[in-house]
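Asker: Dock chain B against chain A, hints included.
So the protein sequences, as listed, match chains A and B. The first sequence begins at 4 in my numbering and counts up by one. The second sequence begins at 195 in my numbering and counts up by one.
Hints listed in this document are in silico derivations from the structure and should not be mistaken for laboratory results. Hints are supplied without guarantee of correctness; some may be wrong.
Facing chain A, from chain B, some residues (calculated, C-beta under 8 Å) [claimed, not checked]: (1) Pro266; (2) Gly277; (3) Phe281.
In silico negatives: residues of chain B with every beta carbon more than 12 Å from chain A [unchecked claim]: (4) Ala244; (5) Arg305; (6) Gly410; (7) Leu475; (8) Arg495.
Even glycine gets a Cβ: it sits at the ideal position worked out from N, Cα and C.
Each chain, written out:
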Amino acid sequence: MSGTSITGEATEETLPAVVAGAHAAGAARRSQNRKPRTPIWAVVVLAVSVVYFLLPLYATAVFGFSTGKAFTLQPLFDGLGDDGFHSALILSLTYSIVTTVLALVVVAPTAYLVELRFPRLRAIVEFLTILPFVIPPIILAVGLSSVYGINSPVNLISSDWAPVLLYGGYFVLTLPFVFRAIDNALRAVDVRTLSEAAESLGANPTRTFLQVIVPSISLGLVSGALLAFTTAMGEFTLAALLGYPTFPVYLLNVNEYSPHVGKALVLVSFLITWAGVIALAAVARRTPGTRVVRGGPM
Amino acid sequence: MSRLELVNVCKSFGDQPAVSDFNLTVENGELVSFLGPSGCGKTTTLRITAGFEAPDSGAVIVDGIDVTDLTPNKRGMGMVFQGYALFPNMTAAENVEFGLAVRKRAPAERRARVAELLELFGLSHVAGSYPHHMSGGQQQRVALARAVAIEPGVLLLDEPLSAVDAKVREELRTEIRRMVTQLGITTILVTHDQSEALSISDRVVVMNRGAIEEVGTPGQIYAEPRSAFTAGFIGAMNEIPVRVVSGAQGVVERAGRRVTVQGAAGLADGEPALLLVRPELIEPLNAANGTLNGDLTLTGRVEVQTFLGATTRLLVREVRQGDENQSVLPSARRLAVDVPSAAAGNWPAGSEVAVRIPVGSSRVIADRSAVSPAPSTGSTTGPAAPPA
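Chain A with its partners taken away, still in its complex shape (with noise of 0.2 Å):
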């Protein structure tokens, strides 16, 4: 999932563009023979690579859909009928969602303040936002149960108040992909300016916020959004040292006594990762600054 990059481009169908782009296509046909073919290194390369990645799936269907003598779906049905499933899913869901929706809420206006009032600060958050990479989860995990941990005056683990050491986790984990989405997509549009024009006309800075800004970097929310509920959903290690059942942590543990349902479940989590992938490159398509515009002048 970390390894994903995105690139998206398209194409901005006005008619000026329609009607130019149907001139460069009739060039192009008329001089394809000075068109660079694909070399085959990179058709190699890319079969490779496509084999690579498809074969273990491929694998794990066929082990995942069979029960050892033939061809079935039965352990997918086990898989989704189990009680675990649903209440780890449930429970991973409850989690991402949760926080992707304090990491927005907290982000978007902290990013937002950096750009337009505390410009000196950017180099601290930055910074900040930086660390999760630097510390590796089970680090992480380590920290918080020594930290918040039995043998601690600030006992969290073993109070009500337990989920919020993985709540906390979780944003921490996620603020990398949060702030730089929201932040790109706040350079891309003049901060300063749109929010100079809200204040001429009346606005109150929340308003401007709400109303403004907001909109305006709406594919930034929802990239960072998405990014974030992706890396909560696949997140092992956190929940698994805190000792919450969450979907990936069940994943792990129905592949060891039930490994024919276990690869079916991988496969659906697959799906789900690729889903919010999809999701994500849709989203950098229409994002400006991924976007390819042909044509003539507007």
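Answerer: Here is chain B on its own, set in the frame of chain A:
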């Protein structure tokens, strides 16, 4: 419509003074331009008026009320920004409506006012369009409509036409003038474009290095500049060194000839001074027209012709003709003479020419050579006379 007073406004960024001792009163319904080169403090002064910068000292007073400590959203001023700053997620109509919604006007009232304004600005057909689908001219009109919708006491325009094509610029500035007159809104326009300032302003404030250089009507600024900076900055101006013979009587002397000019009253006898005359007022003489009528003459050679459209500018290098015409014009100086392009063929490059400098249309100012800046180019008036 409101009366705006800027009183002793000062602002520095670090130890760089951006605005010093700015004093100005703008009357109800007046359109005043702040004109000057980049860095002269005109935009800073505008932003202080709007409330986006706080002055180090001084006050902004609207209709007698000191608003210096009010945040921008409480000053009731409309502002149009250089890059329009239209809200990208809203249509033209929604942009115009924004200020009215903030003021909690009833929906029906808002819609009526928005429709009325879009009609006034010729935008009814793009009411439902988003900014990125509109041309620069349309976006600027929407920005104007949006600022005017809230019925501001003062309208502030920060270089509103600099991002727009030249042709559209002319149309739009006429529209701005018409709109300001029709709606009677007190307006401040910041621009570096002289023709913009001269064509639509009631008064022009010429600024230089954070201070007001001169304030006057466009006609006064152009024909009767009171400082060397203004003379050099507005259009093209020839500066001919002369020597004051009698300040009280307005007599100056050049190359042995004495003439009477205006503006010498404050100058000391014997002081070096500059005779200012616009290129279009200098006449080339032909052989049949040799009388001088109390004017100065100068002979030289046309070095180069510059085609400016309706007029052609001749750059004339003075040629000394014997001892009796000892010239005080440094040999490096050239005189700019504007002639109708249709007649420019009479004085091709390399030809000799004698010109008459009409002292009745000239002014004299003190020659403080250190103060005189390199004359800058007006956007449509072409190159100015080179510096001393």
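Asker: None of the hints should be skipped; say for each whether it holds.
Answerer: Going down the list of hints, with the structure as the test:
Taking 8 Å as the C-beta contact cut-off toward chain A, the hint placing Pro266(B) at the interface holds, the least distance being around 5 Å. Annotation: interface hint on Gly277(B) holds; nearest CB of chain A at approximately 6 Å, less than 8 Å. Nearest Cβ of chain A to the Cβ of Phe281(B): about 5 Å, under the 8 Å cut. The hint holds. With a minimum CB-CB distance of about 6 Å to chain A, Ala244(B) fails to clear the 12 Å threshold, and the non-interface call is violated.
Every C-beta of chain A lies more than 12 Å from that of Arg305(B), the closest at about 17 Å, which supports listing it as non-interface. Separation of Gly410(B) from chain A is adequate, the least Cβ-Cβ distance of about 29 Å exceeding the 12 Å criterion. Every Cβ of chain A is farther than 12 Å from the Cβ of Leu475(B); the closest lies at roughly 42 Å, confirming the non-interface assignment. With a least beta-carbon separation of about 46 Å from chain A, Arg495(B) lies farther than 12 Å from that chain, consistent with its non-interface assignment.
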